[in-house]
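Participant: The lines below spell out each chain.
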Amino acid sequence: MKVDLTPIDAPSIKSRPVYAPLEARPGKLHVIVADCAGADAVTDMLAKANNRSEILGSAHVMYCPGPTGTDLSAKLEGLGAAQFFRAPTIPALLPRLVRVLSDAHMGTQFYLAGTESLIGQAEREIMGTGFPFASIQKEHRGSTLRRVQCVHCKGITENVATDPFKCSHCGLNLFVRDHYSRRMAAFQGVNIDAEDPGQVPESVVRFK
Amino acid sequence: MSLDFKFAPDDFGGFFRDETFRDTFTYRNSDPRRFPFPFDRDDYMYSVNMEPHVPGRKGTAFEHTFDVDEHYVAEMIDRAKVLAEDPLRCQSLPHMTLAGWDTLELIMETKARDYPQWFSLTKDGNRWHWVNRPLGIEQSFTFLDESTLPYPPFEYIMRQTQGDWTLQDERDGTLWMDAGIATSQADWSVDFDVGMNFMEWHAPVPLAHEKGVFERALKFLLKLQHGAPVRRFNWTMTVNPLLDTAPETYPKWGPTKTTITQENMGKKQHLRVELQSLYRLPRSNAIAFDIRCYLCSFEQIAEVPKWARRLHRVIRDLPVELATYKGFIRNRDAMVEWLSKYDDGTPTSPGWFPDD
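For the protein sequence lines, the chains are A and D, in the order given.
Using our numbering, the first residue of the first sequence is number 1, and each one after it goes up by one.
Using our numbering, the first residue of the second sequence is number 209, and each one after it goes up by one.
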């Protein structure tokens, strides 16, 4: 029972969550959560749906502008969903999602679209209630700014654009590891100058 | 309630060493020949290298299912210190309690069978009585009733068990790391990884994904049967006999990599071996993964001529990517220089074990 696997001979990193375009599915309730350019993913999905009016008739749409100011709320508000809510930020949106989840039954479809931060945090709330993984669709659109947990102090820095960056909690210089936790809804940040304090490579903008 | 150890170094004929894995670093192996040297040939290639975890040669780390060695008590004291400093190192999602009981049962039954002089377990239906003599613990409890133990079952038994452990729930055709403890880990975070599936927690490993390594490993593990555990090796390098090389504390221990010289190499540089074993659990159908860490200083490896020659060749010829991924590229050349003094070029015999 010996399994010999292929040797490793070059560095590479398999990274992030995989996202696919949203598609309309039959359901009793359609919970649509979006931010930033995620509004376009929602309208694209509805444009292709053959049960568009059925979905909108039982849809609860929650939206907030993106971290760089992109605000497409008018586009979603104009869809005529059964319920529409615009929040100013993700933290302001989540309590409403939690309340909706407390009444949601099996057969609910979830559509998450926009930044990884929004997708991750909404997914965490939904999974916490025990909804099956398969009922949650995710499409990444718009800003690629990252939400990063400092592995050292555990504080989360929102909207990280550069790599490396300074942890907004403990101040350590962190590089953004391509390692993502759905439970944290965050990527991992690791001290870059631990072995040579002060020798920090120049920051480059990797996420916009 | 808590778990107070009552340990006297002179007990059990002084078998359990009174030693430290921090500050004074008094850890050492009384007999390096007992160390599970991981290289069965003069070069190293990455592989899954699974084999049945069956009892092996007497007097080695493979003699019993769970190797309780001279470091047992000191490791448990070190673990208690790490958990006191950072309770996030032991986590179990709510649905994993049954798997925790399964693990507790596996460890208690196996240790009581293999080491009757140190551990005993008596059962009267679900009323169990556990005695752990090395740690001075005696506990009556009701199996499957959490309220009768001072900690949840997983943490309770982990505070008495060497090795880092993770418990994998099986659903949706994959494995989910939904419980774990890590106080002797090679740089991975339980707190970050708990809740991830098999592909997610392996994401940072270079290249293996693209070559289909993890798909095959997962397929293999999903077929794991109760009562037929498997094992494999992994290894890396650690400066000082530091068990707890956690990413959380990397800013504290990372700088020690810069302190290695030809003069202190023998004492400070340690080969770190993980003897990993996997067990299917009977009630929860979860898989328990034991990552048991062994440390041996270069100086002590050099006491076994075959190992010293072989380690020199393995480290010298290791692909640069692997030395980088394992975190010792900075000291690789210095290691090779130090080890070369013990390599006269004579051939080595096949297999892990020393020649004498």
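What the hints contain is simulated information worked out from the structure, not anything from laboratory work.
Backbone N, C-alpha and C define an ideal beta-carbon position, used for all residues, glycine too.
Hints may be right or wrong, so weigh each one.
Chain A side only, calculated, beta carbon under 10 Å to chain D, not exhaustive [unchecked claim]:
id : residue
1  : PHE133
2  : ALA134
3  : SER135
4  : ARG183
5  : GLU202
Simulated crosslink set (PhoX-like; lysine-lysine; CA at most 25 Å straight-line) [stated by the list, open to error]:
id : chain 1 : residue 1 : chain 2 : residue 2
6  : A       : LYS166    : D       : LYS460
7  : D       : LYS419    : D       : LYS475
8  : D       : LYS460    : D       : LYS289
9  : D       : LYS214    : D       : LYS289
10 : A       : LYS208    : A       : LYS166
11 : A       : LYS154    : D       : LYS289
12 : A       : LYS28     : A       : LYS75
13 : D       : LYS460    : A       : LYS154
14 : D       : LYS419    : D       : LYS331
15 : D       : LYS534    : A       : LYS154
16 : A       : LYS154    : A       : LYS166
17 : D       : LYS534    : D       : LYS514
18 : D       : LYS465    : A       : LYS166
19 : D       : LYS419    : D       : LYS465
20 : D       : LYS419    : D       : LYS549
Participant: Each hint: holds or not?
Facilitator: Each hint, compared with the structure:
{"no.": "1", "hint": "PHE133", "in the structure": "6 Å, holds"}
{"no.": "2", "hint": "ALA134", "in the structure": "8 Å, holds"}
{"no.": "3", "hint": "SER135", "in the structure": "12 Å, violated"}
{"no.": "4", "hint": "ARG183", "in the structure": "4 Å, holds"}
{"no.": "5", "hint": "GLU202", "in the structure": "21 Å, violated"}
{"no.": "6", "hint": "A:LYS166 with D:LYS460", "in the structure": "18 Å, holds"}
{"no.": "7", "hint": "D:LYS419 with D:LYS475", "in the structure": "38 Å, violated"}
{"no.": "8", "hint": "D:LYS460 with D:LYS289", "in the structure": "16 Å, holds"}
{"no.": "9", "hint": "D:LYS214 with D:LYS289", "in the structure": "15 Å, holds"}
{"no.": "10", "hint": "A:LYS208 with A:LYS166", "in the structure": "17 Å, holds"}
{"no.": "11", "hint": "A:LYS154 with D:LYS289", "in the structure": "20 Å, holds"}
{"no.": "12", "hint": "A:LYS28 with A:LYS75", "in the structure": "24 Å, holds"}
{"no.": "13", "hint": "D:LYS460 with A:LYS154", "in the structure": "16 Å, holds"}
{"no.": "14", "hint": "D:LYS419 with D:LYS331", "in the structure": "49 Å, violated"}
{"no.": "15", "hint": "D:LYS534 with A:LYS154", "in the structure": "24 Å, holds"}
{"no.": "16", "hint": "A:LYS154 with A:LYS166", "in the structure": "13 Å, holds"}
{"no.": "17", "hint": "D:LYS534 with D:LYS514", "in the structure": "23 Å, holds"}
{"no.": "18", "hint": "D:LYS465 with A:LYS166", "in the structure": "23 Å, holds"}
{"no.": "19", "hint": "D:LYS419 with D:LYS465", "in the structure": "32 Å, violated"}
{"no.": "20", "hint": "D:LYS419 with D:LYS549", "in the structure": "38 Å, violated"}
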